[in-house]
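Colleague: One letter stands for each residue in the lines below.
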Amino acid sequence: MDNLEMEIKNLIAEIIEKDPNEITLQAKFFEDLGVDSMMALEIMAAIEKKYKISIPEEKLAQMTTLADTITVAKEYLVNKEVTNA
Amino acid sequence: MLNIEEIQAILPQRFPFLMIDRVIELEPGKKVVAIKNVSINEQFFNGHFPGSPVMPGVLIVEAMAQASIVLFFASKDLAKDKKMAYYLGSVKVRFLHPVLPGDQLKITVEPLKMLSNIGIVNVSAEVAGKEVAKGEISLSAKEIS
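Here the protein sequences line up with chains A and B, keeping their order.
Going by numbering that gives the first Met the number 0, the letters in the first sequence line up with residues 0 to 84, in that order.
Going by numbering that gives the first Met the number 0, the letters in the second sequence line up with residues 0 to 144, in that order.
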């Protein structure tokens, strides 16, 4: 497990109040983990804050598992590095 | 600025649960500043606490949440003839100083993240320039009829 995966997993665990071990890469936020739309938005906002990135609204619908969330986060982290370069 | 009639046109809450008296600043989508005048006649002071009146922190949160609804409403331009229900999703607020009878609470709300029907906002309350509570709350709105 890389750093980013662990960080995002822990961040989600804190917001949804679950054990990080329950948040596997493929566990579905809504069906398996009891995440609601407000928690999903909080997850998005927390990632934005932690990594100082901005993720557009429409990406929220794609963030339904830890794996998908990491993919979205990576996309904007890469953009950020490009912008900074 | 919104007077109490305009506030009541937005907020569904009524006595004894309408926790803001006036909106003194409103920038749709950006910021709202609301006032709550705290009087010894508030009925919660009867029990909180006898002989030592302190405004309950949860009611400061309620005032913050109501100011947030105003921000939400103004930002999203939800039609006034729709009946809306508002839900508080999470509250992370730190209380810094007690709020006492005679205090005027000045509540400032600014959005952190706001979508069409859910939002996370930064909230802060001050009395005479001193911050008494601050934090972050999330809320959602739903049309019910």
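A hint or two may mislead.
Label pairs and their calculated CB-CB ranges [stated by the list, open to error]:
#1 A:N9 with B:S144: 39 to 45 angstroms
#2 A:K49 with B:A8: 36 to 42 angstroms
#3 B:K82 with A:K27: 42 to 48 angstroms
#4 B:I34 with A:E16: 32 to 38 angstroms
#5 A:L76 with B:L114: 19 to 25 angstroms
#6 A:L24 with B:G28: 32 to 38 angstroms
#7 A:S36 with B:F48: 35 to 41 angstroms
#8 A:L24 with B:I23: 44 to 50 angstroms
#9 A:E30 with B:F48: 43 to 49 angstroms
#10 B:E5 with A:L76: 39 to 45 angstroms
#11 B:P97 with A:L24: 45 to 51 angstroms
#12 A:Q25 with B:I34: 32 to 38 angstroms
Quick list of in silico lysine-lysine cross-link-like pairs, DSSO-like style, CA-CA up to 27 angstroms [as the list claims (entries may be wrong)]:
#13 A:K79 with B:K29
#14 B:K91 with A:K48
#15 A:K17 with A:K73
#16 B:K30 with A:K17
#17 B:K133 with A:K48
#18 A:K51 with B:K30
#19 B:K91 with A:K51
#20 A:K58 with B:K30
#21 B:K29 with A:K49
#22 A:K48 with B:K82
#23 A:K51 with B:K112
#24 B:K112 with A:K79
#25 A:K8 with B:K112
#26 A:K49 with B:K112
#27 B:K29 with A:K51
Far from chain A, by Cβ distances over 10 angstroms, these chain B residues were calculated [claimed, not checked]:
#28 P55
#29 G56
#30 S89
#31 I119
Hints are computed from structural coordinates only; laboratory data are not their basis.
Remember, it's a predicted structure, so these values are computed and weren't measured experimentally.
Glycine residues also receive a C-beta, built at the ideal position from the N, C-alpha and C atoms.
Colleague: It remains to establish, for every hint, whether it holds in the given structure.
Modeller: Taking the hints in turn, this is what the structure says about them:
Between N9 (chain A) and S144 (chain B) the CB atoms are about 41 angstroms apart, so this pair conforms to the stated range of 39 to 45 angstroms. Distance hint check: the CB atoms of K49 (chain A) and A8 (chain B) are about 39 angstroms apart, consistent with the given range 36 to 42 angstroms. Checked against the hint of 42 to 48 angstroms, the pair K82 (chain B) and K27 (chain A) fails, with Cβ atoms roughly 33 angstroms apart. One distance hint, 32 to 38 angstroms for the beta-carbon pair I34 (chain B) and E16 (chain A), holds here, with the actual separation near 35 angstroms.
As the Cβ distance of L76 (chain A) to L114 (chain B) is approximately 22 angstroms, the hint placing it in 19 to 25 angstroms holds. For the hinted restraint 32 to 38 angstroms between L24 (chain A) and G28 (chain B), the CB-CB distance of approximately 36 angstroms keeps it satisfied. Checked against the hint of 35 to 41 angstroms, the C-beta distance between S36 (chain A) and F48 (chain B) comes to roughly 38 angstroms, which is consistent with it. Distance hint for L24 (chain A) and I23 (chain B): a CB-CB separation of about 49 angstroms, consistent with the stated range 44 to 50 angstroms.
The beta-carbon spacing between E30 (chain A) and F48 (chain B), approximately 46 angstroms, falls within the hinted interval of 43 to 49 angstroms. For E5 (chain B) paired with L76 (chain A), a C-beta distance near 44 angstroms keeps the hint of 39 to 45 angstroms intact. Hint check: P97 (chain B) to L24 (chain A), Cβ distance near 47 angstroms, so the stated range 45 to 51 angstroms holds. The hinted window of 32 to 38 angstroms between Q25 (chain A) and I34 (chain B) is violated, with their beta carbons roughly 50 angstroms apart.
Only pairs whose Cα atoms come within 27 angstroms are accepted, and K79 (chain A) paired with K29 (chain B) is accepted, the gap being roughly 25 angstroms. Between K91 (chain B) and K48 (chain A) the alpha-carbon distance is near 16 angstroms, which keeps this suggested pair within the 27 angstroms criterion. A hinted pair counts as satisfied when its Cα atoms are at most 27 angstroms apart, and K17 (chain A) with K73 (chain A) qualifies at roughly 23 angstroms. About 33 angstroms separates the Cα atoms of K30 (chain B) and K17 (chain A), which puts this hinted pair outside 27 angstroms; it is violated.
Proximity of K133 (chain B) to K48 (chain A) is assessed by CA-CA distance (about 18 angstroms); at most 27 angstroms being required, the pair is judged to hold. For a cut-off of 27 angstroms, the pair hint linking K51 (chain A) to K30 (chain B) stands: about 22 angstroms separates their Cα positions. Of the pairs offered as hints, the one joining K91 (chain B) and K51 (chain A) holds, with about 21 angstroms between alpha carbons and a cut-off of 27 angstroms not exceeded. Distance restraint check for K58 (chain A) and K30 (chain B): the Cα-Cα separation of roughly 25 angstroms lies within the 27 angstroms cut-off, and the hinted pair is therefore satisfied.
Straight-line distance between C-alpha atoms of K29 (chain B) and K49 (chain A) comes to about 22 angstroms, which keeps the hinted pair within the 27 angstroms bound. Restraint check: the Cα-Cα separation between K48 (chain A) and K82 (chain B) comes to about 34 angstroms, which exceeds 27 angstroms; the hinted pair is violated. For a cut-off of 27 angstroms, the pair hint linking K51 (chain A) to K112 (chain B) stands: about 13 angstroms separates their Cα positions. For the hint linking K112 (chain B) to K79 (chain A), the alpha-carbon distance of about 19 angstroms falls within 27 angstroms, and the restraint holds.
Using a Cα cut-off of 27 angstroms, the hinted pair K8 (chain A) and K112 (chain B) holds, with the two alpha carbons roughly 21 angstroms apart. Restraint check: the Cα-Cα separation between K49 (chain A) and K112 (chain B) comes to about 14 angstroms, which is no more than 27 angstroms; the hinted pair holds. Distance check on the hinted pair: K29 (chain B) and K51 (chain A) sit about 20 angstroms apart at the alpha-carbon level, within 27 angstroms; holds. The non-interface label for P55 (chain B) is consistent with chain A: the shortest C-beta to C-beta separation is roughly 24 angstroms, beyond 10 angstroms.
Against chain A, the non-interface label of G56 (chain B) holds: every CB pair exceeds 10 angstroms, the least being about 21 angstroms. Listed as outside the interface, S89 (chain B) is inconsistent with that label: its C-beta sits roughly 7 angstroms from the nearest C-beta of chain A, within the 10 angstroms cut-off. Distance check for I119 (chain B) against chain A: the nearest CB is about 5 angstroms away, which does not clear 10 angstroms, and the non-interface claim fails.
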